[in-house]
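S.K.: For the sequence shown, counting from 1, position 69 maps to 130 in the numbering used here; every step adds exactly one.
Take these hints with a grain of salt, some might be off.
[Stated by the list, open to error] As a list, the in silico DSS-like pairs of lysine-lysine whose alpha-carbon atoms are at most 30 Å apart:
#1 K103 with K89
#2 K163 with K103
#3 K89 with K163
No lab work stands behind these hints, which were simulated from the structure alone.
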Amino acid sequence: MSPRLARAASELADLGVPAETALEVASKLRRHADGVSRTFVKLFLEEIWAPFEAAGRPDDQWPEIQEALERLRPLASDALLAVFGLAMSEAIDKAFGRELEKVERSGRRRK
């Protein structure tokens, strides 16, 4: 387990989320992360490796390939976090919008 994941698990426990539920969430996150990883690896293979391979793997281009591989993980992480931040904001807005509508409807029924 990574230190960041351990901190997240600890925070969830502090919020009252049962350990079993946190493990289920971690398992779902892993499946999604596997998909995102495959997407970026496919991108690398198709857009960077394939042209390099087609050119006969020139010796002078190996440093560029190595650099691309080194940059891929942080780039993928940044892109994923950016897209996730947008998706999370939208999901929260929708979910709480629905919950507030329920509260409002419930309040009208009581009057």
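S.K.: Is the straight-line distance between the alpha-carbon of K89 and that of K163 30 Å or less?
M.R.: Cα-Cα ~29 Å, so holds.
S.K.: Do the alpha carbons of K103 and K89 lie within 30 Å of each other, as the hint requires?
M.R.: Judged against 30 Å, a Cα distance of about 21 Å means the pair holds.
S.K.: Against the 30 Å threshold, does the CA-CA distance of K163 and K103 hold or violate the hint?
M.R.: Violated - the C-alpha atoms of K103 and K163 are around 44 Å apart, more than 30 Å.
Of the numbered hints given earlier, the model fails hint 2 alone.
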